[in-house]
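Q: The chain contents come next:
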Amino acid sequence: MAATTHHHNPDVNYINEFKGIGSWLTSLDHKRIGLMYMISVLTFFLFGGIAALGIRLELFSPGQTVMTADQYNQFMTYHGAIMVFMVIVPGIPAILGNFFLPIHVGAKDVAFPRLNLLSWYVFMVGALMGIATLFMHKVDTGWTFYTPYSIKTSGAATMMVVAAFIMGMSSILTGLNFIATVHKLRCPGMTMYRMPLFVWAIYSTAILQLLATPVLGITLLLLAAERILGVGIFDPALGGDPVLFQHFFWFYSHPAVYIMILPAMGVVSELIAAFSRKTIFGYTAIAYSSLGIAAVSFFVWGHHMYVSGQSETAGIVFSFLTMLVGVPTAIKMFNWLATLYRGSISFQSPMLFALGFLFLFMIGGVTGIMLATLAVDVHFHDTYFVVAHFHYVMVGGTLMALMGGFYYWFPKMFGKMYNEGLARVTFVFIFIGFNVTFFPQFILGAMGMPRRYFDYIPAYESLNKISTVGSWLIGIGFLISLYVIIDGLLRGKKAPANPWGAKTLEWQVPSPPPHTNFHHDPVVTAGPYEYR
Amino acid sequence: MSTVESHASHEHHFAHHFKSADHEFLTSKQGIWLFMVTEILMFGGLFVAYFIFHHIYPGMFAEGAKSLDWRMGFGNTLVLIFSSFTMALGIHQIQKGHNKKAVLSLALTILCGAIFMVVKYFEYTHKFHLGLYPGKYLDVAKVGAEHANLGMYFGFYYLMSGMHGLHVLIGMALIAWVLFRTMRGDFHSHYYTPVEGVGIFWHIIDLIWIFLFPLLYLVG
Ligand SMILES: [Cu+2]
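Residue numbers (my numbering), protein chains in the order written: chain A, 1 to 532; chain B, 1001 to 1220.
Simulated from the structure, these hints should not be mistaken for laboratory data. Hints are not guaranteed to be accurate.
Below, in silico cross-link-like pairs of lysine to any residue (SDA-like), each with a Cα-Cα straight-line distance of 20 Å or less [as the list claims (entries may be wrong)]:
| no. | chain 1 | residue 1 | chain 2 | residue 2 |
| --- | --- | --- | --- | --- |
| 1 | B | K1136 | A | R227 |
| 2 | B | K1142 | B | Y1124 |
| 3 | B | K1029 | A | R186 |
| 4 | B | K1019 | A | V523 |
| 5 | A | K184 | B | E1196 |
| 6 | B | K1029 | A | K152 |
| 7 | B | K1019 | A | P512 |
| 8 | A | K184 | B | Q1030 |
| 9 | A | K152 | A | L229 |
| 10 | B | K1136 | A | P148 |
| 11 | B | K1019 | A | V524 |
| 12 | A | K184 | B | I1032 |
| 13 | A | K184 | B | A1065 |
| 14 | A | K494 | A | F429 |
| 15 | B | K1136 | A | Y149 |
| 16 | B | K1136 | A | P236 |
| 17 | B | K1029 | A | L337 |
| 18 | A | K152 | B | K1136 |
| 19 | A | K494 | A | V523 |
| 20 | B | K1136 | A | L238 |
| 21 | B | K1136 | A | L229 |
| 22 | A | K184 | B | M1036 |
| 23 | B | K1019 | A | T516 |
| 24 | B | K1029 | A | T516 |
| 25 | B | K1019 | A | V243 |
| 26 | A | K184 | B | D1186 |
| 27 | B | K1029 | B | K1142 |
| 28 | B | K1019 | A | L118 |
| 29 | A | K184 | B | F1014 |
| 30 | B | K1019 | A | P113 |
| 31 | B | K1019 | A | P148 |
| 32 | A | K184 | B | K1136 |
| 33 | B | K1136 | A | A237 |
| 34 | B | K1142 | A | L229 |
| 35 | A | K152 | A | V243 |
| 36 | B | K1142 | A | L238 |
| 37 | B | K1136 | B | E1063 |
Listing some non-contacts, in silico: residues in chain A with all C-beta distances to chain B over 10 Å [unchecked claim]:
| no. | residue |
| --- | --- |
| 38 | H183 |
| 39 | Q348 |
| 40 | V436 |
Keep in mind that this is a model prediction, so the values were computed, not measured. Glycine residues also receive a C-beta, built at the ideal position from the N, C-alpha and C atoms.
With these hints in hand, go ahead and build the complete structure from the sequences.
A: Here it is as structure tokens:
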């Protein structure tokens, strides 16, 4: 075609081809939109992180330490709501997915670039509305908005719920875009089975975003209607059923857990293959296990309500179904391990985070099976054991993968290398800090310390102190990461096209990529991991 | 490529990341259908809540439905079904290149939507007049209700028909937009993606009403 005769200036790329803030705010380029998501999500991560440090500081000693009980409830709510709706749900799909999914399938952009930009604006409107409630009567319901308290609280819960609804719309639009891109925009030779596993993971996530989020949307609208009109659907005083809210809420929010973890699994598949220099073991099994997790995730929500008064039969069925999730998850674990086996492993910073993921996610997953067990959960329910479990999955899993992914793709996104030595130091701080923070919480939970409480009995004090110190180590780790990023952007040496010697398509184009991703229309003749 | 230049005026210029206009059309259509899935699931949540409470309080729901005028609802159902027909006709006419006729069909579709909304307006104001408000605003003693939580039925009524009505308004605006573009000559037999997309949206809205009508007006 005509395009191949054009002369390509190697110094022109997606960052410097157009200039000025306006060219960013109106950009339809998926790579730029990915970076805009990155800046917003990292900012919200800072807010959520500060709230987390505040919670841990308050729990350093029993009784009131640095804040009142009401303030503690607010810190807890904003930590949860910000981290879930503004950081982990959009995190990997909207940042790394936006940037790399189209390149991975050999497309010039996502299927609907304008919709993509719109979804960033919708996300920002929702996020800023959520943040704005900080200046009103602060919300104290926890991120789950459980009724009937959320109907009665004087906090700005209605605004927060509408904000979450709007961010959900953004999530739906992103998912829709990715599904259509995967179905329709793959380049010649890019069969479904030649797509990188990252794409399979984001694709499975997108299906969940599309199918589960509308139900959350209507649930949150019903809650808003409940607060404004007093319809009585969730209010027992008016003949309603507060447990119905939990059913509705978890029908979305359990799949949302996989919206949060599946993309991380995709990143880890890329990292492990690239740094083992080996064809990934069990490609189809990993690809289909993503879809399997997505499918099963719609039938397990009842495990959040073992002690909420749902029927015992339902509890038994949900317990069994929840354990089923372990099967596709274990399939992934074993395939990653088999990929490592006899691979030429190099321990560069992205790989350290991937290995950290394997270790922490395994603990998170196995404790998940413990919590799925009906009888055991009656004891563990609403204790710190649950808090430790889901932080091992969300932070030990998703956040580790996000960090690994950042370091892995940093050279491609910005065309600069970062300080590898310091990046490894961040891993040490985050990994050790994480375990110091959350491992004691398993023990606290087993000892019976309830979650969400502002105060605790003296018997729990020493473990809480250890946990709080751990949170400082994590904080230091992320501060160093911030320095590594800024230092890399300012002083990093120029990155080659393929610093890791990886095989997926993004490494075959310049760093940073040109505006249209490829100088020549790509034709794919081999799979994504043809190392040896 | 040079042959395209000669009749460029009649060829739709597709976006740079597609292979052809046809590729763009099929992708866009898939996007619309995926969006419709989310719409159906969102209303699906409302339907599930409706069925649960109808199961618990069948008498209260029957009392609520009795105070609606089924003839209004039935008339509106006919209007929407007819509008689905005119919408489909409009798309067909654009495909055949009869843009003038298509403008008439699209205008008729908007008119049907408007009739639907006007009828809804009279229904709502009549209910308000009788004091049949949603939730806690319904004064059971004043309206002489048999069931103490009749407000819940009207909560469902206003939420479900209100959400649907909002979609009808959005649909009318979208049809007005493609109508304007048809008049401007943007569409022809080789390019009518937005009309087709808006049409799919409109049909789904009509379909949802066909389920809402018996649930709200005829239960008992
Ligand atoms: Cu769950």
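Q: For each hint, tell me whether it holds in the structure or not.
A: Here is what the structure says about each hint:
This hinted pair checks out: B:K1136 and A:R227 have alpha carbons roughly 10 Å apart, not beyond 20 Å. Between the alpha carbons of B:K1142 and B:Y1124 the distance comes to roughly 18 Å, so the proposed pair stays at or under 20 Å and holds. With a C-alpha separation of about 17 Å, the suggested pairing of B:K1029 with A:R186 holds against the 20 Å cut-off. Between the alpha carbons of B:K1019 and A:V523 the distance comes to roughly 14 Å, so the proposed pair stays at or under 20 Å and holds.
The hinted pair formed by A:K184 and B:E1196 meets the criterion: a straight-line CA distance of about 19 Å does not exceed 20 Å. Restraint check: the Cα-Cα separation between B:K1029 and A:K152 comes to about 44 Å, which exceeds 20 Å; the hinted pair is violated. Under the criterion of a C-alpha separation no larger than 20 Å, the hint pairing B:K1019 with A:P512 is inconsistent with the structure, at around 25 Å. A C-alpha spacing of about 9 Å is found between A:K184 and B:Q1030, which places the hinted pair at or below 20 Å, so the restraint holds.
Among the hinted pairs, A:K152 with A:L229 is consistent with the structure: their alpha-carbon atoms are about 12 Å apart, no more than 20 Å. Among the hinted pairs, B:K1136 with A:P148 is consistent with the structure: their alpha-carbon atoms are about 15 Å apart, no more than 20 Å. The suggested pairing of B:K1019 with A:V524 holds, with an alpha-carbon distance near 16 Å, which does not exceed 20 Å. This hinted pair checks out: A:K184 and B:I1032 have alpha carbons roughly 14 Å apart, not beyond 20 Å.
Taking the CA atoms of A:K184 and B:A1065, the gap is near 46 Å; set against the 20 Å cutoff, the hint is violated. Under the criterion of a C-alpha separation no larger than 20 Å, the hint pairing A:K494 with A:F429 is inconsistent with the structure, at around 27 Å. This hinted pair checks out: B:K1136 and A:Y149 have alpha carbons roughly 17 Å apart, not beyond 20 Å. Restraint check for B:K1136 and A:P236: the C-alpha separation of about 13 Å stays at or below 20 Å, so the hint holds.
With a CA separation close to 41 Å, the supplied pair B:K1029 and A:L337 exceeds the 20 Å bound. For the given pair, A:K152 sits about 14 Å from B:K1136 by alpha-carbon distance, which is consistent with the 20 Å threshold. Taking the CA atoms of A:K494 and A:V523, the gap is near 28 Å; set against the 20 Å cutoff, the hint is violated. For the suggested pair B:K1136 and A:L238, the alpha carbons sit about 9 Å apart, so the restraint of at most 20 Å is met.
For a cut-off of 20 Å, the pair hint linking B:K1136 to A:L229 stands: about 6 Å separates their Cα positions. With a CA separation close to 18 Å, the supplied pair A:K184 and B:M1036 stays within the 20 Å bound. For the given pair, B:K1019 sits about 14 Å from A:T516 by alpha-carbon distance, which is consistent with the 20 Å threshold. Between B:K1029 and A:T516 the CA atoms are separated by roughly 24 Å; this puts the pair beyond 20 Å, and the hint is violated.
Note on B:K1019 and A:V243: the hinted pairing is violated, with a Cα-Cα distance of about 51 Å set against a maximum of 20 Å. Taken as a hint, the A:K184 and B:D1186 pair is broken in the structure, with Cα atoms around 25 Å apart against an allowance of 20 Å. Between B:K1029 and B:K1142 the CA atoms are separated by roughly 51 Å; this puts the pair beyond 20 Å, and the hint is violated. At roughly 24 Å between alpha-carbon atoms, B:K1019 and A:L118 are farther apart than 20 Å, so this suggested pair is violated.
Of the supplied pair hints, the one linking A:K184 and B:F1014 holds, its CA atoms being roughly 15 Å apart against a limit of 20 Å. A hinted pair counts as satisfied when its Cα atoms are at most 20 Å apart, and B:K1019 with A:P113 qualifies at roughly 15 Å. Taken as a hint, the B:K1019 and A:P148 pair is broken in the structure, with Cα atoms around 54 Å apart against an allowance of 20 Å. Of the supplied pair hints, the one linking A:K184 and B:K1136 is violated, its CA atoms being roughly 50 Å apart against a limit of 20 Å.
Among the hinted pairs, B:K1136 with A:A237 is consistent with the structure: their alpha-carbon atoms are about 11 Å apart, no more than 20 Å. At most 20 Å may separate the alpha-carbon atoms for a hinted pair to count; B:K1142 and A:L229 meet this at roughly 18 Å. Between A:K152 and A:V243, the direct Cα distance comes to roughly 16 Å. Compliance with the 20 Å bound is thereby established for this hinted pair. Taking the CA atoms of B:K1142 and A:L238, the gap is about 18 Å. The hint holds against a cut of 20 Å.
At roughly 17 Å between alpha-carbon atoms, B:K1136 and B:E1063 fall within 20 Å of each other, so this suggested pair holds. Listed as outside the interface, A:H183 is inconsistent with that label: its C-beta sits roughly 6 Å from the nearest C-beta of chain B, within the 10 Å cut-off. With a minimum CB-CB distance of about 33 Å to chain B, A:Q348 clears the 10 Å threshold, and the non-interface call stands. Distance to chain B confirms A:V436 as a non-interface residue, since its nearest Cβ pair spans about 42 Å, more than 10 Å.
Of the numbered hints stated above, those contradicted by the structure are hints 6, 7, 13, 14, 17, 19, 24, 25, 26, 27, 28, 31, 32, 38, listed in ascending order.
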